[in-house]
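> Below, each chain spelled out in residue letters.
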Amino acid sequence: MVSFMGATASRRLELVGITKAYPGCIANDRVEMTVKPGEIHALVGENGAGKSTLMKIIYGVVKPDAGQLIWNDRETLIEGPAHARRLGMGMVFQHFSLFQTLTVTENIALYLPRQEYGSLRRLRDRILSVGEAYGLDINPDRHVHTLSVGEQQRVEIVRCLLQEIQLLILDEPTAVLTPGEVTHLVKVLKQLASEGCSILFISHKLEEVRTLCDRATILRGGRVTGSCTPAETTSEQISRMMLGDDLHIEKSMGVGAPGDDSLSLEGVSVSPGGAFAIALHSIDLTLRAGEITGIAGVAGNGQDELVDLINGELAPDAGKLLLDGRDMTAEGVLARRRAGLATVHADRLGRGSIGAMSLTENRLLTAYVTDSDAHGFLHWRPLTERTRELIQNYQVKASGPDDTAASLSGGNLQKFIIGREIAQAPKVLVCFYPTWGVDVGSANRIHVELARLRDEGTAILILTEDLDELYLLCDRVGAICGGQLSPLKPGHEVSMETLGQWMAGTFSAPQTQGVQNAH
Amino acid sequence: MRIEARPTPSPTMRYLSPLLALGLTLITGAAIFSALGKAPLASLHAFFIEPVSTVYGLSELFVKVTPLLLCATGLTLCFRAKVWNIGAEGQFVFGALIAGAVSLQLADHQGFWVLPVVIASGVLAGMAWAGIAALLLTRFRAHEILTTIMLNYIAIQLLLWSVHGPLKSPSGYNFPESELFSPQTLLPTLWGQYRVTIAIFIALLMLAVVWTVLNRTLLGYQTRVMGENRQAARFAGFNGNRLIWVLLLFSGGMAGMAGVSEVNGPVGQLTTNLALGYGYTAIIIVFMGRMHPLGVLLASLLLGLTYLGGENAQMTLGLPKSITGVFQGLLLFFLLACDFLISHRIVLTPMRGHRPSNTSTREVTSS
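If you read the protein sequences in the order shown, they are chains A and B.
Residue numbers for the first sequence, in the numbering used here: 50 to 568.
Residue numbers for the second sequence, in the numbering used here: -10 to 356.
Accuracy of the hints is not assured; some may be wrong.
To be verified - These stretches of chain B come out as covered by chain A in the derived footprint (C-beta under 8 Å, 3 or more residues):
| id | region |
| --- | --- |
| 1 | 197 to 208 |
| 2 | 215 to 221 |
Stated by the list, open to error - Computed from the model, here is a short list of chain A residues facing chain B with C-beta under 10 Å:
| id | residue |
| --- | --- |
| 3 | Leu211 |
| 4 | Ser243 |
| 5 | Val382 |
| 6 | Gly401 |
| 7 | Phe426 |
These are computed hints drawn from the structure, not numbers from a lab.
All of these numbers come straight from a predicted model, not from anything done at the bench.
Glycine included, each C-beta is placed from N, C-alpha and C at the ideal position.
Just chain B, same shape as in the assembly (with noise of 0.2 Å):
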């Protein structure tokens, strides 16, 4: 048996590497949970089948992609031209402490405009702090990897410390909390005693809009020759830097309204532990949507599911909560193992020395 690159990269094996990577996801998983002690099937079952097999856990379910289909529809174009926003996280906690505090001066206000005023206060901090890495980039060509990173914790201390210090609640007993909101500033529920709110139809609605944009639009074109060759769109003329604005500040704006969701959403104030790791699991969720706006609503489900299967295996089994991030690498790593069979295939060659017709030499006759 060896490896042996592609002549071509494998269309096939390109959408067959994230289920390839869920098998074996899963397989592992099992592992895990038998040598934890626990019954492995039924530890699956707790975790991926047990969190949807009600209606009001299959709302859950959408409360949790509401704000991971929100960062990913944003990081999907983004990834497309290869700009590597890693910071969805920082934007998205941005994004929640704007509209938060913009939440919390409202309180008192009453009218239809209270609402779209905390959505856009929300996505423009969002966008504002994408912002600051399309200046960096722009202007001083410094790597948005590592600036969207670092943007991250810095989003994440500013909301530790308003939320210790200015916004924190008189009324809270000192915990690190703010005020819960006012109703009129909450994204209005679908129905009933169920979370999920409207959030979840815009990020669906956004979602078509990235899948026009990127198969009817010049903008999306421009975006797809980028992320294959930067020095061709220099050539055509495209506006790089341009590109780079709007793709971060879409993403930004994207993952702002995602910290909208959330808290304007089911935490209905701003908390110490907001930061639950959405924009990183939207990462996770694009390479496993192969940057295509459907399959990243599937790989949205699917990641959703690992937070509710963590929850639920931390009250049924006994497991730390932690698990949940134990099946999301264990995802990223299988699909970027499994993706390495999109380049290279694995062939399977006969024992040496059994048929001496298929070594390397062998002498002819001369004819």
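Chain A with its partners taken away, still in its complex shape (with noise of 0.2 Å):
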């Protein structure tokens, strides 16, 4: 599957004063980098670092304004992405390139040349090969738009390692994934480098990249702030150089008070709306005033199902939802948001935003319930004027409220949507990966927020894959699997394990710890 074409060369990739300037703004100010092969390389950064713009320009999607990129000891000019691949490189975006209307072999098809693939059929078979022969299991036959964010990186990964590959970058990869598929992907990428393949990952959790990088480049406004051995430098130490020295990250959320019931589920099913969807088996869920509630669970186990049902846009088979100890169950988005529901979805640019549009634009969104006048008219001056007091209260990098929602970073654009949903005062606020390819310092603002929002009784739903921001943040937690929830409990008397089990379905897990001290 590697090829050893580049096996001799001293340097996978070398950049040399890779500099690129958009209206406004240096993305990339002189960048020095260098990629031996077999390393397995961080590239860390806060958003808008110019972590991304740096990965494009490797891979050919963006020229640069001036320097060199050097590949296998050979100054080479990337001509677009296509070069980039027969060259050996491979690249999973943040942002999943992929059609939503086509199977998984069909989209990898498409990337791939026809010599390259053969047939269909042939296709298929070495999809499940490498799927097998790396532990991502991926269905071929199934649409891409039924599969959830986590199994939608498993094919833009899967992909890759279809092509000879020397390279292979992956833009923030572990943030979708349950510790299980973490683990499984570091064994992936572990091999892959003792095969010879580089492995360019940029990541914000830390920790993660002191455990599995070999080197680490620190970018900090565009420029290379520092680059070290990750197991040899602590957190501090990456975090200030990403940073700076006047970052404060508030690492207490405070508890919950909970009050009254906000929003109740009681006993609600759905049937599987497309052919691989996720039924819902009786859920029952009540989400408190004053609450943060937590709900775990490998992407795909009926995350998207939820929250499309709280949101309004599913209609339940069975159950009853009641908000405020109103009977909602038959009414649909806009009531819901009337009665004071907010949702923030992990698809934030195909749901959450719209990338042409402005920022302006964008926030209304979803603040259309309360911002045009009795007549349903709009007056621009306002609305411009409360999305750039959002811009400032939020922190969001933007040069203004014209921005379009698509040329802002993952992390900003997150931070944005949060705020625009916090500023309508919801009763309940339901969110989905929240920080999914946020950076450290605005995951913490967003952190913050929401324990704030939380204190002023907002009764608050997340759904995570990511652990810590659990127990970080979660009065109550516990965890979906195959359409099923397991109980909610309070997060200290939940250990990491029981989590475990619950998301791996295994819901009597109390009873399951006794057993086993009794033993």
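Starting from two chains that each stand alone, build the complex the way the hints lay out.
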């Protein structure tokens, strides 16, 4: 699978003085970096530090204004992604580039030259065998729109592994994976590295960088502010290089003071919408005012359906949904928003925002409920002003309300979207992957804001795969598996081990623990 | 030379593309004229300049622009939401047919209420015709492109049946035509001997309304969001079906009004050849005008001119009237081709081999 063409090279990739300026900002400023063959190299930095631009330059998506790129000891001008691929590079983007209406096999076929995969049937077999070899379990016949975020990422990774690969670039690969999956991915990456493939790895999880990566390059404001051997460096030291000295990370989020029931699901069941969608089986869930409830789970276990159901896009077959004691089972999205429900969807650019529209217009996407006058007219000046405030209050890095959503980095867009929902003072807030792909500083800021909202009496539901986040924020935790919800218990009563069992679908955990103790 | 995708769509090219398409159309048009043995420049002059070189010619341009602009105004809103109503032609014809039938019924009635009733009947008929497509789309998910095109043919057949049968003039020597409408059912002309009617003001007024709706109202915002990203619209709780109904009924009503403007304007009776393709031409206008009200106004002037030019070319150059269709087709063809340049660009690359430093790989000395 792995080509050894470049095995003799002393440097797989070297960047010399790479500079790229966009109107109004310098994304990369004389960046220098060296990646050796078989090295796992981390690229660390805040949102907007220029990591994504640098990745895109390496992969030929963006042309640098100045600087050299040296590939296997030869100066190389990458003409585009297809050229980069021929040279032996593969890239997994943070926002996946998959066609929703095609199957996994068809998507991968589109990415490969015809002569390389032969027939769809042969390609399907290869996908299965690569998936098996690396433990990346995917069904090649499923349509991508039925896949969860985590599963789509697996498709992207398998797609890269099908080619002869010398450098695999991954933009925040572990952000959507469960602890088990992360362990698995680490194994895959280490295996690849041992075969001589270099890995360039963007991550915000410094602990992970420290255990996995051989080298790390740290970017801040487009410049390299340091490089280190992560195993010999503390997370604090890396953080400082990333963020400067003045960053304060809030470590404690306090606890909630549960009040009345705000949102209740009573025996809600949903039959699967698509051929491969997950059914929800008699879900009972109560969110209380002033409390954060967290649900862990492997991607694709019914989280999408649960969020759609609560948001009002998916009608249940059985059961009831009560919002502030009112039966709203039959009501749609708008009525629920009016009643004080707000949702932050995991699919930031697909549903939470519209890439081509301005931030003012994107704020309106959910704020429209309150922000048009009685006759349905919009007054742009106050709307723009409110957007400007939002940008300031949540420290969104944007030049102003007229920026398009697509021009923002993932973390900045997420700050914007969460800020937008919080600003509407919701009674119930559902956050689906609140900090996926968000850097340490921004994630901390989002956590602090969520804790503040909780203290103001909002009932918050968090669906996440980041267990640190779950334990940090949530008063009660549980897990979802195969469309079934585990019991919800106070965080301090649920061990990481128990939670892991719940995520795997074994819900009788307390008894199990008792039995284990008896032995 | 090679073609590569732009990192972001070019806004400049979005506005340049229609002009480029126009230029290419003129060049190709000149080539066609000279291939037909006509002097190319003189022919272009006869096609594009001569028809509007007199006041009467200009007034005739607005006679053509009136139905085109009315149809295009409705479609602008529809297309912004990516609701592809291709049925303005059928809605136009059905509006004209019903307004014509009502006009014939009211031939002997006097009163200020007669004309409003005629107009309302045409508008409602257009809305009803579009409403069929809306019902099929929202209830059965039948794609609007297919249903609206099929409804076009049905509307035209209904018109033909009507003027050959129940609405045929008893005093018309068995020609498939209705009786001429009474004056009180006709739209008033603006002045003198010219045929332009007050419908042009209705068109301009509605264009301003559409501009306001798109830019200043929640409905327009929701329309634009739906066009950009339906999943986001659904997530945000916009009522997609309601929007589809509103947009299709609006554009149907506008096309129906266009039918009234034609049949109760310059034509003055129901005939078999009412369907001159205004509804289809309006589609070109909306794309040419970048779905922007001002652009749509300019494009409707240009496309209106192709009708006049075709008629003039027929008279002075002895060319078939289908030359209008040729120019409209060229314009759309080149527009679609030039629109490719919004998302892609042509890059001039130096010839390979001349400058080795620019080839893709080169040995570097190890530092």
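> Next, verify each hint and record whether it holds.
Quick rundown of the hints versus the structure:
no.: 1; hint: 197 to 208; verdict: holds (count 4)
no.: 2; hint: 215 to 221; verdict: holds (count 4)
no.: 3; hint: Leu211; verdict: 23 Å, violated
no.: 4; hint: Ser243; verdict: 26 Å, violated
no.: 5; hint: Val382; verdict: 3 Å, holds
no.: 6; hint: Gly401; verdict: 7 Å, holds
no.: 7; hint: Phe426; verdict: 5 Å, holds
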